[in-house]
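**Q** Residues per chain are reported as follows:
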Amino acid sequence: MIHRVTVALALALAFAFTACTRKAEIEHHTFFALGTVVQVSLPRALDDHDATLRGLESLLLAREQRWRAWNTGELAMINRRLSAGETIELPPAIARDLQRANVLAQQSGGRFNPGIGKLVELWGFHQEERRAGSPPGLSGISALLPAPTLDALVETGSGWKSTDPRLWIDMGGFAKGLALEEARDWLASRNVAVALVNAGGDLIALGAPANRRWRIGIRHPRDAGMIATLEANGAESVFTTGDYERTFEWDGQKFHHILDPATGWPAEGVLSVTVLHRDAALADAAATALFVAGDDWPHVARALEVEHALVVRADERIEVTRAMHERLSYAYGDESFEIVSP
Amino acid sequence: MIRPGDLLVALAGAALVAWLASVIYTSAPASIVRITQADQPPRDYRAAEDRIIRIEGPLGETVIEVKEERARIVRSPCTQKLCMRTGWLEASGDAAACLPNRISVALLGGDAGLDAVTF
Numbered sequence: 001m002i003h004r005v006t007v008a009l010a011l012a013l014a015f016a017f018t019a020c021t022r023k024a025e026i027e028h029h030t031f032f033a034l035g036t037v038v039q040v041s042l043p044r045a046l047d048d049h050d051a052t053l054r055g056l057e058s059l060l061l062a063r064e065q066r067w068r069a070w071n072t073g074e075l076a077m078i079n080r081r082l083s084a085g086e087t088i089e090l091p092p093a094i095a096r097d098l099q100r101a102n103v104l105a106q107q108s109g110g111r112f113n114p115g116i117g118k119l120v121e122l123w124g125f126h127q128e129e130r131r132a133g134s135p136p137g138l139s140g141i142s143a144l145l146p147a148p149t150l151d152a153l154v155e156t157g158s159g160w161k162s163t164d165p166r167l168w169i170d171m172g173g174f175a176k177g178l179a180l181e182e183a184r185d186w187l188a189s190r191n192v193a194v195a196l197v198n199a200g201g202d203l204i205a206l207g208a209p210a211n212r213r214w215r216i217g218i219r220h221p222r223d224a225g226m227i228a229t230l231e232a233n234g235a236e237s238v239f240t241t242g243d244y245e246r247t248f249e250w251d252g253q254k255f256h257h258i259l260d261p262a263t264g265w266p267a268e269g270v271l272s273v274t275v276l277h278r279d280a281a282l283a284d285a286a287a288t289a290l291f292v293a294g295d296d297w298p299h300v301a302r303a304l305e306v307e308h309a310l311v312v313r314a315d316e317r318i319e320v321t322r323a324m325h326e327r328l329s330y331a332y333g334d335e336s337f338e339i340v341s342p
Numbered sequence: 001m002i003r004p005g006d007l008l009v010a011l012a013g014a015a016l017v018a019w020l021a022s023v024i025y026t027s028a029p030a031s032i033v034r035i036t037q038a039d040q041p042p043r044d045y046r047a048a049e050d051r052i053i054r055i056e057g058p059l060g061e062t063v064i065e066v067k068e069e070r071a072r073i074v075r076s077p078c079t080q081k082l083c084m085r086t087g088w089l090e091a092s093g094d095a096a097a098c099l100p101n102r103i104s105v106a107l108l109g110g111d112a113g114l115d116a117v118t119f
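Those protein sequence lines, which keep their order, are chains A and B.
Going left to right, the first sequence walks through residues 1 to 342 as this note's numbering numbers them.
Going left to right, the second sequence walks through residues 1 to 119 as this note's numbering numbers them.
The set of hints was computed from the structure by calculation and includes no laboratory data.
Worth double-checking, as some hints may not be accurate.
Said to hold, decoys possible - Listed next, with one range per pair, are the computed distances between beta-carbon atoms:
1) B:E61 <-> A:L53: 26 to 36 Å
2) A:T87 <-> B:Y45: 22 to 32 Å
3) A:A235 <-> B:E49: 47 to 57 Å
4) B:A38 <-> A:P136: 45 to 55 Å
5) A:D296 <-> B:R51: 13 to 23 Å
6) B:D44 <-> A:G159: 50 to 60 Å
7) B:D44 <-> A:E74: 11 to 21 Å
8) A:E316 <-> B:E61: 31 to 41 Å
9) A:A51 <-> B:T79: 55 to 65 Å
10) B:R85 <-> A:R322: 53 to 63 Å
11) A:T87 <-> B:G60: 39 to 49 Å
12) A:L138 <-> B:I52: 22 to 32 Å
13) B:R85 <-> A:T87: 44 to 54 Å
14) A:R54 <-> B:A14: 47 to 57 Å
This one's a predicted model, so the numbers in the text were calculated from it and none came from an experiment.
We put the CB at the ideal spot given by N, CA and C, even for glycine.
Chain B on its own, in the form it takes in the complex (with noise of 0.2 Å):
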């Protein structure tokens, strides 16, 4: 039998839960660039943050674009370039990296991502 009541707490309960859900979804790519060098910790970038970062490695400049939660490497002093073949990481998990230059980066976070990436 339901009562007026029950009415009630459903009615908050779904209120809470869209509250929680826009919460959670506006947030959710609340993914991370991470940006390591070879013999250094690595730094951490909001990826809903654009910006374009500038690394130095042995080879030289290394520059990373980030925008609308995806990154890139735009441009590395190595010679195959292969790095910028990657083109774009979308998902969690996606990984670049310049061996040459000794740099990588990585887009983290989400439980909704991917752990890792096969390639």
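Only chain A is shown next, with the shape it has when bound in the complex (with noise of 0.2 Å):
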């Protein structure tokens, strides 16, 4: 005689194998928006996912729209009235997400500052493509020093005005997490329980798959392998600042977009820096601010209340937080990391 509980085994085993093989129960779609490659993943089972991904589409880039500094951007209307001295009136969530910039700006010692636009445009960094060319003069750069912070923009009776007519206002390190914090709120407020949108290796979470957790890579800044894995929670973002993303070269030198607001050069010291976070603008801000922090970056880190935070040294040592190696498997290989107390 066969017993029951034998043959309940061998089918449960044989079950949990069939399960595995089940179809995939998230689908990934693609869109180009906020200037890059938009992923989002959602449920199979969830209705009307063009309805969700048109939706999604269109206040992404209307917000890639608002943010844009230069051109014909909404910014960059604002930059160009209030670098003439103008006083204007700000659509008022516009004048929140400034203000919300300055108070991060401020606590990150100014290593995080939207004041440095000028800076950014001498530098050749506000266009898709920087024309071929060489570094700016020494003396065109220190005409923008001190750089100018979002303090010179000033409330009157009447209106915004600016004083300090080298400001401009470049959201670029910012408007990607107030947009994807943004699209976490409509996804929420359609009933969107799961989904991950990831903006050119930024990414927010809701929610998670059936009996698991996001699993993010994150990429080595050198070579196309990964540093570790990380299981994020709904309701969190992963946001990542790296050296590789925008450069030049000129005279065998490589030159990358990631500027010091106190030298007005590229930050040095860091390849770099992967923070996770529940507040995705905040995300955002901190890994560029710790970015430029360099050798400071666990006292900065303090400063903005990340717990959460990788950092790859110019030597290629890798820094973490004790919160964050505690949320790490590296699976990957043997990477030496170091644990960091901010």
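Two chains, two frames, a set of hints: combine them into the complex.
**A** Below, the structure is given as structure tokens:
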């Protein structure tokens, strides 16, 4: 006679394996917005992927247009009028987000500074494709130092004006975080409980796929491999800033786009920073601030209340906070890493 | 107490598991290479089939190589060639994009893979 328990066990084992062969429960979609490729992962079971994607795409395109700091962007118009000395009205949503950016800028000790658009332009990093040519001359850079900050934007009885004609607001390093934070709220308002929105390597998570958490790989800044993987909870965001995103070479030397507002030159000492935080906008600003801080990144992380950070130093040493270390699995090799307390 | 029938069921169970495992693991990298062009529906290719894919974008031709379940952009008309420097995409969730030519390549599929890669 055959024991029922044994039969049940054999069947359970068989089902455990067939469960893995089920079609993936998550579907991936791609569109272009925020100046990058946006990959959206949604549960197959969700009704009407198309309407969700179209809504998300138009929201992100609208935010791209709002925060574009040059050419035809809404912020570009604001910049032009402010630098011409005009007193202007700011739409409440823009005024609110600029004030938020300034609070984070101050907390970061000026490492994150949305007021350095003129420096960004001087280096040519305001264009999608930088024109070939040398780095800017020293006199051009020093004329923009000390760099203006959003403190120069003041509210008067009749509107907003700039007290520094060199102020040009550039929300790169914050706009994507703001937009993804809004995307999260928008998805939640449409009862989308499970989603992953990845905008060119910076992402927000909502909920989780069935029976597991979102698995995020952290790419090594110098090769195509992964440093580690991390499991993100719903309502978390992961942002990475790296020195490889926008670069140019001149006279055998490589220059990247993350400028140190204190020196006016590309920040040194770090190859990439990954920050995990519930707040996407904060994660975005913090990734830039920690990058610029270099050696001093643990202090800036503490000032911004960032607990989860991974920093790849210029010599490819990997430094992580303890909280981040506990979230990572270093499954892709024996990378040497060091736990640092913020 | 174990009887001969138990052994039989256990063996049958083990055989079933072994067979399923062989089916699953030989087709495990059943991942796909998804190529997306702005304003067009994505095109999927089996990662297991080696091929060269040529896509015409606004700047010109982008050439994508699929080989041994990996993919990479081998030629691109853009000036920075960031997409080519990304190198081989190997893990599910890995992606490379040529923004100037509005083309992206991503590896997808396989439950064991990654949902996304941060960079």
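**Q** Taking the hints in turn, state whether each one holds.
**A** A quick look at each hint next to the structure:
no. : hint                         : in the structure
1   : B:E61 <-> A:L53: 26 to 36 Å  : holds, 28 Å
2   : A:T87 <-> B:Y45: 22 to 32 Å  : violated, 57 Å
3   : A:A235 <-> B:E49: 47 to 57 Å : violated, 39 Å
4   : B:A38 <-> A:P136: 45 to 55 Å : violated, 33 Å
5   : A:D296 <-> B:R51: 13 to 23 Å : violated, 49 Å
6   : B:D44 <-> A:G159: 50 to 60 Å : holds, 52 Å
7   : B:D44 <-> A:E74: 11 to 21 Å  : violated, 37 Å
8   : A:E316 <-> B:E61: 31 to 41 Å : holds, 35 Å
9   : A:A51 <-> B:T79: 55 to 65 Å  : violated, 37 Å
10  : B:R85 <-> A:R322: 53 to 63 Å : violated, 33 Å
11  : A:T87 <-> B:G60: 39 to 49 Å  : holds, 47 Å
12  : A:L138 <-> B:I52: 22 to 32 Å : violated, 48 Å
13  : B:R85 <-> A:T87: 44 to 54 Å  : holds, 46 Å
14  : A:R54 <-> B:A14: 47 to 57 Å  : holds, 50 Å
Hint compliance for this structure: hints 2, 3, 4, 5, 7, 9, 10, 12 are not met, and every other hint is.
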